[in-house]
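Novice: Protein sequences, first through last, are from chains A and B.
When you line the first sequence up against my numbering, it's residues 113 to 767, in that order.
When you line the second sequence up against my numbering, it's residues 4 to 306, in that order.
Simulated from the structure, these hints should not be mistaken for lab results.
Do not rely on the hints blindly, as some may be mistaken.
Claimed, not checked - Computed footprint of chain B on chain A, listed as stretches where at least three residues anywhere in the stretch have a Cβ under 8 angstroms from a Cβ of chain B:
#1 155 to 164
#2 180 to 191
#3 460 to 468
As the list claims (entries may be wrong) - With a straight-line cut-off of 30 angstroms between C-alpha atoms, the simulated DSBU-like cross-links for lysine-lysine are:
#4 B:197 to A:174
#5 A:745 to A:695
#6 A:738 to A:706
#7 B:133 to A:206
#8 A:445 to A:469
#9 A:604 to B:109
#10 B:271 to A:184
#11 A:267 to B:271
#12 B:232 to B:271
#13 A:517 to B:115
#14 B:133 to B:271
#15 A:557 to B:232
#16 B:232 to A:488
#17 B:197 to A:184
#18 B:197 to A:206
#19 A:226 to A:184
#20 B:232 to A:528
#21 A:528 to A:604
#22 B:115 to A:543
#23 B:271 to B:109
#24 B:271 to A:557
#25 A:528 to A:578
#26 A:173 to A:184
#27 A:174 to B:153
#28 A:402 to A:346
#29 B:232 to A:604
#30 B:188 to A:267
#31 A:488 to B:271
#32 B:115 to A:488
#33 B:153 to A:488
#34 B:109 to B:197
#35 B:247 to A:517
#36 A:173 to A:214
#37 B:109 to A:184
#38 B:197 to A:173
Small disclaimer: the values here were computed from a predicted structure and weren't measured.
Ideal placement from N, C-alpha and C gives every residue a C-beta, glycine not left out.
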Amino acid sequence: MLSKKVFPLVVILATLFSFVPSLAPAFAQEPHQNPETTTTVFSGFALFEYYTETLVEIIAKKPETVNELMDKMPFANIPEFLSDSTNEFMTSTKLVADIVYKVDSDLEALIMLKNQSRLEEATTLSGEISISINTAYTEIDRMERVVVTSGVYFKVPTATAESDIRIAYNRLLELIQRIRNLLDLQASLHQNLTDSLESLTGIESPELTLTVNPTTAFVGENVIVSGSLAYEGKGLGNREIEILLNNETNLTTVTDSQGSFITLLTIPYLYQPELNLQALFYPQGTDTAKYLAALSPMVTIEVLYYEAMINLNVNNRAYPGRELTITGNISYKPLEGNAIAPLVRSIEIYFDNELVKETTATEGFPYSLPLPPDIKLGNHLITFTVSANDRYAPSFTDRGIQVVKAVPYFTGEFPKLLFVPGSFYLQGQLKSETGVLDSPIVNIKLGNNVYNFTGEDNGFIFSNNKTRYYFSLLGSQTLEMVVTPTEPWHDKMVITRQILLINYINCGIFFIVLVIFAIIFPRRFVVSLRQMATKKKASPTSLPAPHAPIYSEVITRILDQAPASPLTITTERLLSLYRIVLKLVQTLTRTLLKPQQTLREYAREATSKLGPISTPFTSFTRLIEKTIYSQQKVTQDDIAEGENLVNKIRQDTTS
Amino acid sequence: MNTPKLLIIVLAIVLACSIISVWFVPSSQDYMIGNTLWNGISNMLSQIGGQMVNDTATEAGQNPAATVIIIIPEKDFVASEYAYLGQFVNAGGTLIIADDFGFGNKLIALFKTDLRFNNLPLLDPLFCYKAPSLPKITDFSPEIVTQGIKQVLLNSPTVIDGADDNNVLAWSSPTSYVDLNQNGKQDANELPTKYPVAVKSQYGQGSVVLLSDPSLLINSMLTRYDNVKFVEALVNLLPYGEKKVLLDAATLPETSLDTSKRSLGEIKAYLAEPYTQLAALAVIFVLTSLTLGKVGGRIGRKS
Chain A
113 MLSKKVFPLV VILATLFSFV PSLAPAFAQE PHQNPETTTT VFSGFALFEY YTETLVEIIA
173 KKPETVNELM DKMPFANIPE FLSDSTNEFM TSTKLVADIV YKVDSDLEAL IMLKNQSRLE
233 EATTLSGEIS ISINTAYTEI DRMERVVVTS GVYFKVPTAT AESDIRIAYN RLLELIQRIR
293 NLLDLQASLH QNLTDSLESL TGIESPELTL TVNPTTAFVG ENVIVSGSLA YEGKGLGNRE
353 IEILLNNETN LTTVTDSQGS FITLLTIPYL YQPELNLQAL FYPQGTDTAK YLAALSPMVT
413 IEVLYYEAMI NLNVNNRAYP GRELTITGNI SYKPLEGNAI APLVRSIEIY FDNELVKETT
473 ATEGFPYSLP LPPDIKLGNH LITFTVSAND RYAPSFTDRG IQVVKAVPYF TGEFPKLLFV
533 PGSFYLQGQL KSETGVLDSP IVNIKLGNNV YNFTGEDNGF IFSNNKTRYY FSLLGSQTLE
593 MVVTPTEPWH DKMVITRQIL LINYINCGIF FIVLVIFAII FPRRFVVSLR QMATKKKASP
653 TSLPAPHAPI YSEVITRILD QAPASPLTIT TERLLSLYRI VLKLVQTLTR TLLKPQQTLR
713 EYAREATSKL GPISTPFTSF TRLIEKTIYS QQKVTQDDIA EGENLVNKIR QDTTS
Chain B
4 MNTPKLLIIV LAIVLACSII SVWFVPSSQD YMIGNTLWNG ISNMLSQIGG QMVNDTATEA
64 GQNPAATVII IIPEKDFVAS EYAYLGQFVN AGGTLIIADD FGFGNKLIAL FKTDLRFNNL
124 PLLDPLFCYK APSLPKITDF SPEIVTQGIK QVLLNSPTVI DGADDNNVLA WSSPTSYVDL
184 NQNGKQDANE LPTKYPVAVK SQYGQGSVVL LSDPSLLINS MLTRYDNVKF VEALVNLLPY
244 GEKKVLLDAA TLPETSLDTS KRSLGEIKAY LAEPYTQLAA LAVIFVLTSL TLGKVGGRIG
304 RKS
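Based on the sequences and whatever the hints tell you, model everything.
Specialist: This is the structure in structure tokens:
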């Protein structure tokens, strides 16, 4: 037995104990970090090293790599305080990288211009280089300031000379200085070239003219290019003239003895609406010290060609494994003169920039492009190009398409109520936006019932499905129909419906069981009701309860055992007297001693009906109880008292 | 109150409290589907539309080309039990092995490849989120870039050795390094450079994808930057319509709470079956009838 004080303690401990296993893992150590609670750490060393790596690329004159590295800076873990200065460094570094690279190529161009005695162009370029170099110096200063600011933030000045961050910081500043040195070198070279241009001052350039006839021509046509080279009104013969087309040398000719030149220029198939022509003379050999280079005025040629307009019709939606139909036509702007559209044009079709079809077409074109069954779903690009053909310019157009799987649907109806065991009939057609499904595989699951069958080639399904008996009563059951199409362009279809299922066999059995239970178990209840009914009838005989003590039997037995002959001084004498009195009282009161009643209970019940003899009867009952239940032996006085009480009862009854 | 009665009451309380705590206290174990905390993967499968299964072998054979199996080998296993993966990938399936310091190399050994998880931590002191152990990945192969992925955040990853540049899907930044002595600092011999963190390898008609950080899939990481898109891109590396994504549960460590949660779920499912429900209904009916019978019997005596 546990005391009442211990019990609550046990319950509390048990409750806590039951929670502990659940909470324990929450405090276990985790292998990865929680990003939310991770402490922010900035690395000045890594930042300076990255800057250093970038500046090395400037010295290597790789502006693309510099741009690539600096474009990653927004992803870096930088303190908010350094955010602006980091952006400054990024912009300045990219600019310096571009300038260093460009100045190099500009200086090469400047050398060429100087060698060709093209003073005017060289002077212009020299000015541009000068501006670029000055800009680069300004940007390098800014880069240095950013590095110093960052150094202060990361406490570089207080760091030891041997510390990693100090070394990285110094290396970075050293690299900035090296870039500055590189710029110094470029500036020095530029200065030398600019100075050398002074040697050309005082020399005059000859006069160079250029005439083009006609100034409007189709691509592929020839135009006459002519002009003259003269110095102080006198033609310069046997001099090389370069004809520049859009600033690029296209052809070279030589002046005649009069300084004139004439040549044919074929308009290239560039299909540009305008071309700029210039003639260039630069002194060579003995002319070098005599003349400056001469550049003719620019002549613009209007270039003619026919432009094709492609009208492309492609369905926005395409399906894996199906052909994609591309239709359209090629038309042209109103053609000039007697020109007619070409009968055939070369066509190229690209799918996601990959050539998939090469063919020819006239005005209209219908093409079928088969899509692979395993094509990736989503957006794709169709590009349609018409190749150039003499006077007909190339043309292209593109269209975005979406490759999707067609979603099937079922035209039939599903049952709403089913009986088990029984059957249901499914009839309908499986279709999609692309047509019917060919022999689709259909799997239906209804609880434990599984039905597998194949539809017709026109998508129709006719299926009589038996619902087998199983252990349930009634309720809502999910019917799942999975349709697996055989075509790659159809998506898998899953339909679910809630169906009310009634298992009439089980319901019947259950009802019977219910009835049986309802009859058997309330039996005691019915018995109790009968007992109540019996009591109301007040019948003297009643069925004794099996386990209740039957006091009357004891008394009767004792009284019966008492000798009938009077006046022997024994217990039997007293019991005999009580039997006589009891019979008398039962007769008078018409109240029987019930099986479960004690003698005292009976006496108490009978007292109210006995009147004057109630007192002696009660006293005599106590005496008898003492005789029956007490260990004391019956004395002579007890016998005398009993006889007195009996006599008194007799007297009172008689009177 | 006597001892047997007390024991029954205590037992009932313990049982009730245990059930309540197992039911309501979330799992805090790493990579657990029932773990809704920062280190669980309760969001991952819903984000990419997958399911966690104990037996991927059964599912793998049905339609390999349309199936992606993700394995996080955090727990040791018998490699021969995963021999079916060779056939699965060979038949067109996609296998994603996401591992950092686990047993991924045992799985890779099933395929004829030199690829291996390095099993040492990758740190990036500059291109990171808050700390070097949370490196940001911004360098991807064209097939990943075309998916619109710009940056992915990893959490305590490793690197992949033996990768051919043509097969690498993602690299760490040039400032990242492998922490050889695992002291959390960059030492002189730990040179910073780009390391492969996601690699694909063709095997038969299918593809094996190695991801050097399974933590990418946990709740607190999945929604950061382009992580979800990256996982989706890995799942859809091979062209095929909709994929069935299966996460192997057998290689994930389970705590007693997770086991209890799973058991409780199984009991709940068992109780939901019609047979069990009917049996329970019958028991309730019998008990009610008996009680009614006893009460009925007492009515007469009381009166």
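Novice: Looking back at the numbered hints, which does the structure fail to meet, lowest number first?
Specialist: Per hint list: 3, 9, 10, 11, 12, 13, 14, 15, 19, 20, 22, 23, 31 and 37 violated.
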